[in-house]
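Protein chains in written order, with the working numbering: chain F, 13 to 503; chain E, 4 to 499; chain V, 247 to 484.
Treat the hints as calculated values from the structure; they're not laboratory data. Don't take each hint at face value.
Once the Cα atoms are required to be at most 20 Å apart in a straight line, the calculated EDC-like pairs of lysine to aspartate or glutamate come out as [stated by the list, open to error]: (1) E/K274 x V/D258; (2) E/K322 x F/E132; (3) F/K319 x E/E191; (4) E/K82 x F/D325; (5) E/K82 x F/E364; (6) F/K95 x E/E328; (7) F/K274 x E/E33; (8) F/K95 x F/D417; (9) F/K319 x E/E78; (10) V/K381 x E/E191; (11) F/K318 x E/E72; (12) V/K352 x E/E26; (13) F/K431 x F/E364; (14) E/K274 x E/E191; (15) V/K381 x V/E357; (16) F/K318 x E/E26; (17) F/K135 x F/D417; (18) E/K322 x F/E94; (19) F/K319 x E/D77; (20) E/K274 x F/D46; (21) F/K327 x E/D85; (22) E/K352 x F/D436; (23) F/K274 x E/D330; (24) F/K318 x F/E138; (25) F/K95 x E/E320; (26) F/K319 x E/E71; (27) F/K327 x E/E78; (28) F/K135 x E/D151; (29) F/K95 x E/D324; (30) E/K365 x E/D330.
Computed far set for chain V versus chain E, every beta-carbon distance over 12 Å [claimed, not checked]: (31) G302; (32) S334; (33) G350; (34) Q364; (35) M424; (36) D437; (37) T462; (38) V465.
As the structure is a prediction and not an experimental result, all values here were calculated from the model. Ideal Cβ positions, reconstructed from N, Cα and C, are used throughout, including at glycine.
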Amino acid sequence: MSAITETAAPVPALPPAGMVATIAGKEFTELLRDARLKWAGGLIAVLMLTALLLGWQQQQQLDRERAAASHTSYQQWLGQGEKNPHSAAHYGQYAFKPASPLSFLDPGINPYVGSAVWMEAHKQNEFRFRPARDATSLRRFGDLSINFVWQVLSPLLIVLITFNAFTGERERGTLRQLLSVGVQPAQLLVGKMTAISALLAILLVPPMLMAMAMLFFVDEHHVDSLDILGRSGLMFIGYAVYLAGFALLSLGVSAACGSSRKALIVLLAFWVLNCFVAPRAITDVAARLAPTPSAVQFQSALTQAKKANFGHDEKHPAFIAFRDSVLARYGVSRVEDLPVNFRALSLNEDDERGYRIYDEHYGRLWAIYLEQERIRSLAGVLFPMAALQPWSMAMAGTDIAQQNDFATAAERYRREIQKAMAADMIRNRPNDGSDYVAGPELWASIAPFEYRLPQAASVLGNQWRNLLLLLVWAAMIGGFALTVVRRLRPT
Amino acid sequence: MSMPAPTDRPVAVSLFRDAFALERRLFRAERLMPVIVAMLFCAIAYAIANGVAWQDRQNTLLASAQLEERARLDEQLGKLADMQEGRYTPPSAFQNPRSPLWVGLRHAATYAALPPSPLAVSAIGQSDLNPPYVLVSADTRESFALNDEIENPGNLLAGRFDLSFFIVFLLPLVIVSLSYNVLSSEREQGTLAMVASNPVRIAVLMWAKLGYRAGLVLLPLVAFTLLLLLSMGAPVLQADGPLRLLVWLLVVLAYVGFWFAVTAAVTSLGKGSAQNALILVSTWIVLVLVVPTLGSVAVELAYPVPSRAEMINTLREVKNDSAREADANAARYAIEHESADNGGAVSEKDYKTASQRVMMVKLASDRIAATMAVHERQIASQRDTTAWLRFLSPAVLLQDTLNEIAGTSDRRYADFARQVDDFHRSWQGYFNDRVLANRPLDAADYAQFPRFAYQPESAGVLIGRILPTLLGLLLPMLVLVVVASRGVARYPVDAR
Amino acid sequence: MLEANDLTKRYDQHLALDRLNLKVAPGEIFCLLGGNGAGKTTTINLFLNFIQPTSGTATVNGIDVAARPLEAKRQIAYIPETVMLYGSLSGIENLEYFSKLALGVKRPRAELLDLLVQAGLAPDAAPRRVEGYSKGMRQKVGIAIAMARNARALLLDEPTSGLDPQAANEFARLLEQMKHRGVAILMTTHDLFLAKQTGTRVGIMQRGVLAAMFGTDTVDHTELERIYLDLSYGKKAA
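Only chain F is shown next, with the shape it has when bound in the complex:
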């Protein structure tokens, strides 16, 4: 009505926000009617649902299996009967890594990392039994998991529905009309972006909510459910930035290219580079810049280092030096006169020295892994998957840092057993060489091994870099899109 009363004045321009909303509304309707979206979106929805359920089922099964196995292992420890505590320490326990509750969203390195470690006397062992070895080479083509859908298929969907967002307008001639009614190109960009975001939200938010709902059914003994919710939220933020960046890129390329065909080819090429070429190519670069030692090298370096320790060798100079220092400390001249058991004391001392060696060597190995990861994620400035993937895995609790966190916890537990066994022997074992056995009370004095996933905040400590990389990338792409859209010409 107001338009009629103001006939004399020029028709008022739509306010910018209204303009954007109008564009977004029209784009959204158009997208919904797009046949491409119907089948591609449908397919992705089906794959997502399958992946979600499959991942959940596997995660639950794994968690049950590992919890049961941990329980059994502890029962075996308790049921050792009477024996020398050091012998019990040799028997040790197995630690099984609990499946992180979010691993059903991103199984990360789980298939490629050992699931169990033997916590025995004297040795910090490697994890064994990589699930990937219990599968065929088909696995190497990829896992059907929700992160695959989000990282690889969703960007493709974005490309497929947006590659002709601007080229199509130009080819149909509608761009000429749009610009002639005074639409700013930037408004067009924002409008289209809004429509795509709404569409992606429709496609991606339900599974995300479903995933969050599933988290309430998680067994809470080794996780903090609030923290897990936080982790999943942070994870989704990463994906949102990644997908928004892809949408902006797609729109920008569409605005920059002369034809839909060219835009499609450029975008597909980027998608392939980002999802397939870069991750592998960078892995090889990282492996060269920071080479992983071989098991033989690693073990022989450990063996070499441990030669400085005396072990059970009573003629070792280090052993003699230690004995003399103990004798001096207690002010006695013979081992037999010590108030404590000397063999146990020396075992304990040997272990203590061993811990330092293990810390150093494993520390170095893990530093190599982390350096490789750092190099890998650097590529994220250009190819965002390189930054998103570690972020997603970290939030899911399935990255290397958290694997090492578990390994460290297991090692700490192993050392507790060692110390407790040694302390018992130091106190109770006579020095006359006769044997000493302890019973179930001693075994039971060691509490079962419990592992809690680290808090999200601590994970952020070494992950903020990846989110930053993602944001920088998305900002760069946003700038690119805005620049090319501003230069948009109808022909």
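Fit chains E and V to the supplied structure of chain F, relying on the hints for placement.
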């Protein structure tokens, strides 16, 4: 009054040649050829360099393993000599180089190595998951059979950029990007109507265009691969290397042919360029990503491998039980078998411990084997099913076959594991007999320890297995070629 | 030479061409007039076997186009509305390629250049890349291509649309030459003046039907225009 048929053929041949020549001219005018050739060169060079680096690492690994074993044996032989000359008295049975128990369990434990095939650099395959050697001892099987090589799991997850990755994953995309618009772009720019108003078959035109592109991909691919393999020092000419190389070329050729047939079939549908690109990329996703991942899910659901965590505990239980039984048995055994007098080389107490341990291992071995066999049966079933499933996707088929040719396939590692098992038994037999008979080892024994030598399958067997692959690639290709030839005859020249 | 017998093309619900009967004799220029979507281009496409008829036949010199397309096409030359060429090749290279496709033999460059000049292209333009050509220049290459064929029938789809008056005139002159050589010419056009000026006969198409057909000498220009408008728009209104 029909024209005499024979004139048709030369025209078709000449059209093929003309169209071919035109393509060359167009590519030259757009300066596309050097770009494509350079890209292929870089990708292949990088892939082969990675393969060579990986193989160097594997070789270093094998060499350092052998060195480590040699050093260990030399130390024992040194101790043995010293012992004989009275310079060394072992402080414990463990440090006694004559003790068949500890020598068999630890000191002489030997690396069973899987030698790389001459074409190993072409596909890293499963060699990053399966170490190229296994440290075999007289201990029970689980102590070594599933040992892993140290590796950043992130690297295993990402996979490597090797030649087979380039060919299986990326080459189809190179083919697609070169030829998704062979006819459609001509139609879109209007030249197709000009061409089609002539007495020409569009099919011939399409095949000429695709043929030119196939040459553009294949010639550099084959030339660079051969050149770079040889110049980067890959041992491709050793042993049955040339034969493997030939088979490699054949299957790669068939794969390239398959993808060109796919583009031909899609082209013949008569859609626009952008639509063709979409269809082709979707096909790629389905064949290279979706089919394998769904296949892997299916195989793992059909033949789930039981929990390894549970297995670990079961094996511990088995060992505990066996140790207990061995305790009882040892006493009986000592009565039944007079321990041979070995001149005091091994004390009575040590002998008792040793025979008890051997008895435990003997008792446990069968049960451990039975427990592990459940897992291995499932894995074998997965492998067998995969051998059929791979025919659903040429990408899987080719990857599998390239792994076979490179000697880095699941099958070869399974075969290696089987041979190692046989060897392990003979190793156990050798040392266990000596422990139970209380026969200390001497220098002559050291020279006669069982040695492992991998028995490779003959090239003939390998080729026999690869033949179905070739068929699996060529048959779909032929079907597609027929479909494409038929469809393109009705190619919509003038889009309505 | 060109003959359509009950030629019909149907797309799903839409009848693009309804039982067209038409004969174009050697040395005759037949102009098909009609609004957009009247079925003119469909007719041309059917004669070229770019599309296949639903029923009826199109023959060239007695050869059924749909059954023996290659033989039929040996007899025809074709110039589309916009002559599209390979932009990265020169005019002469384009001509070389297309004439080789048509005849199977390579013609000497001098001969090709001569053809281009005959078609009205400036000799210095011939070796330049086609991407720099104007629409008229490309049209001339198209005519040269058609002339190189020595075809007995010529199909023209809106050949003068977008040409400036001078170029259109030159074009009409060339058509006249071809006609005197005994070529049968079927041309679709919106240009009543061109039809009246060059055509021997005209046919007016309307919604897939050939509604009228008469000799150009039987009507004058205003009459032609009246008939055309009546048929094209009058009936629609009725």
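Tested hints:
{"no.": "1", "hint": "E/K274 x V/D258", "verdict": "18 Å, holds"}
{"no.": "2", "hint": "E/K322 x F/E132", "verdict": "16 Å, holds"}
{"no.": "3", "hint": "F/K319 x E/E191", "verdict": "76 Å, violated"}
{"no.": "4", "hint": "E/K82 x F/D325", "verdict": "16 Å, holds"}
{"no.": "5", "hint": "E/K82 x F/E364", "verdict": "30 Å, violated"}
{"no.": "6", "hint": "F/K95 x E/E328", "verdict": "18 Å, holds"}
{"no.": "7", "hint": "F/K274 x E/E33", "verdict": "15 Å, holds"}
{"no.": "8", "hint": "F/K95 x F/D417", "verdict": "32 Å, violated"}
{"no.": "9", "hint": "F/K319 x E/E78", "verdict": "15 Å, holds"}
{"no.": "10", "hint": "V/K381 x E/E191", "verdict": "17 Å, holds"}
{"no.": "11", "hint": "F/K318 x E/E72", "verdict": "18 Å, holds"}
{"no.": "12", "hint": "V/K352 x E/E26", "verdict": "17 Å, holds"}
{"no.": "13", "hint": "F/K431 x F/E364", "verdict": "9 Å, holds"}
{"no.": "14", "hint": "E/K274 x E/E191", "verdict": "11 Å, holds"}
{"no.": "15", "hint": "V/K381 x V/E357", "verdict": "23 Å, violated"}
{"no.": "16", "hint": "F/K318 x E/E26", "verdict": "69 Å, violated"}
{"no.": "17", "hint": "F/K135 x F/D417", "verdict": "18 Å, holds"}
{"no.": "18", "hint": "E/K322 x F/E94", "verdict": "17 Å, holds"}
{"no.": "19", "hint": "F/K319 x E/D77", "verdict": "18 Å, holds"}
{"no.": "20", "hint": "E/K274 x F/D46", "verdict": "17 Å, holds"}
{"no.": "21", "hint": "F/K327 x E/D85", "verdict": "18 Å, holds"}
{"no.": "22", "hint": "E/K352 x F/D436", "verdict": "28 Å, violated"}
{"no.": "23", "hint": "F/K274 x E/D330", "verdict": "78 Å, violated"}
{"no.": "24", "hint": "F/K318 x F/E138", "verdict": "17 Å, holds"}
{"no.": "25", "hint": "F/K95 x E/E320", "verdict": "17 Å, holds"}
{"no.": "26", "hint": "F/K319 x E/E71", "verdict": "16 Å, holds"}
{"no.": "27", "hint": "F/K327 x E/E78", "verdict": "18 Å, holds"}
{"no.": "28", "hint": "F/K135 x E/D151", "verdict": "17 Å, holds"}
{"no.": "29", "hint": "F/K95 x E/D324", "verdict": "16 Å, holds"}
{"no.": "30", "hint": "E/K365 x E/D330", "verdict": "13 Å, holds"}
{"no.": "31", "hint": "G302", "verdict": "18 Å, holds"}
{"no.": "32", "hint": "S334", "verdict": "4 Å, violated"}
{"no.": "33", "hint": "G350", "verdict": "5 Å, violated"}
{"no.": "34", "hint": "Q364", "verdict": "19 Å, holds"}
{"no.": "35", "hint": "M424", "verdict": "16 Å, holds"}
{"no.": "36", "hint": "D437", "verdict": "21 Å, holds"}
{"no.": "37", "hint": "T462", "verdict": "26 Å, holds"}
{"no.": "38", "hint": "V465", "verdict": "32 Å, holds"}
Of the numbered hints listed earlier, those contradicted by the structure are 3, 5, 8, 15, 16, 22, 23, 32 and 33.
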